[in-house]
Amino acid sequence: MRAVLCIALVACSQPARAPRAEQIVTLDDTTFHVRADGNVDATVTRAFGETRGSGNVTLVQADLAASRSSSHLRLAGARAWLGIAKALVDTPQLAYQVALHGIDELGAEYAKRGVQDDTGIFILLARTKIDTDPAHAASLVVGVLTDRIRLYVKRYHPHVQ
Amino acid sequence: MSEPERRSSGEVTTSPSCAADTTIGGDVSGSDVTFESMQARASEPHETCSSQHATAELVRGPVDLSTKKEHFDLDSPAPPVTTLVNTLGGMPTASDQAYGALDSHARHPSPVRVAEAPMPVDRRRKIAGFEQIARGHLREAGAPEAIELPVSLVDALEKAWKDADASQVETGGNVVRTYGGTYKLRRSEGGTNRLFEADEHDVGWGETMIGIAHTHPYRKEGLDHGTFSDGDIVNLVDESEPLKFLRSGPFTYAIARTKEFEALVKRHEQAQRIDDLKKAMKKSYNDAFSAFHGAFPDQLEAGVNAICKQFHLVYYQGQGAELRRVGGPSIQ
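Chains A and B supply the protein sequences, listed in that same order. Start counting the first sequence at 1; every next residue gets the next number (this note's numbering). Start counting the second sequence at 1; every next residue gets the next number (this note's numbering).
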């Protein structure tokens, strides 16, 4: 009886996984930090003129090969653009352009079903204000990018952080 | 006198004080007249109201306000049975529940009803129009030109709008049809100043989801109203409810799905080209917005008109309960 129980326990238990070795790999503008806990931190760098910024995404339970081709790297890219846009707050025309780059990179698939996403209205509104009130226009698109990043994380939770 | 006898004879037993309080207002022939005081009296114990009997008569025409008697005429060909049942506190009909008092100005419908004048055909058609689009499976060419929202929904949207306007945060929830055929808005949290996250699972027992409703409070941006955004419409591709509602400023907007739109989505799903459909919808909206030169809210209108026309959606707009179809059937 004990033997049967032992066999059953062994059969049902997951194979023991040896913790993987941590490694850091840099490919083009992206650095992957493969962590022992099974996650991968990817850091993406973007530049606008002289201003550089980096954004991060944690890919949950991923390996290096999957991370390199992950569509979620766009989240890191969008975060990098957001950082640059915030850094350029004193030059709102530039901040406006940078935020639009972030919005483009994040793409259209960021909100889950049921979200009544009106951020598009604010992009259109910013477009009408960029010549007359650039600071306001910049703040509008930066706000849109911030909202969309938040929605993206919510939609793809728990696969990304 | 037992309750059934009281109903069949049309007599209402009132006390002197009750009779003295009775007031009758308006022209009974033109609209419904409710008597909340009578409802209260009908539920009183018989002993307290047994000193006097007042005969009641259904009057077709102006009511003499000087009289303190209430009259019912059981020989009238109008709806005496339901009228009397309702008058004496009977269950409201499904129609009553759905639309409250038939007078659109009556904000607090009462089951007590004395006279039920025939509803104008035009109005009946608008009410039926709403039922038609709320139940889905609408053909674009057969979409009603005008609809009338249930009072319960108009009131709920008004409240949601007031809350949104005060906080400048989008409010909303799920519009559901209850088991009894009434419509209500199940409010939920989840709004910011740029979006509203509906909880699609918030549907009660026996309720059917009709659509998501939300608001556009953009006064801080200098906009007193603004119709649907591109995102509001594009996500109809992923949603399945027949309607979508929006309240902004004094305006209420609605978009109804059609069978043609469903077919379009299905075709793109089968071809794994849903993203292409969404991109095309977005482009349609943004191109029309840019091409239209006018005030910002009018540019948004142009966007909504274009997308609805091209992708077989039916767009309604109006104030209060009555919404009219904007634009016509697709020319494609």
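There's no promise every hint is true.
To be verified - Simulated crosslink set (BS3-like; lysine-lysine; CA at most 30 Å straight-line):
#1 B:K184 with A:K129
#2 B:K184 with B:K162
#3 A:K129 with B:K162
#4 A:K129 with B:K220
None of these hints come from the bench; they were simulated from the model.
Now for the hints, and whether the structure bears them out:
1. B:K184 with A:K129: violated, 39 Å
2. B:K184 with B:K162: holds, 17 Å
3. A:K129 with B:K162: Satisfied, since the Cα-Cα distance of roughly 27 Å is no more than 30 Å.
4. A:K129 with B:K220: With a Cα-Cα distance of about 14 Å, the restraint between K129 (chain A) and K220 (chain B) holds, given a limit of 30 Å.
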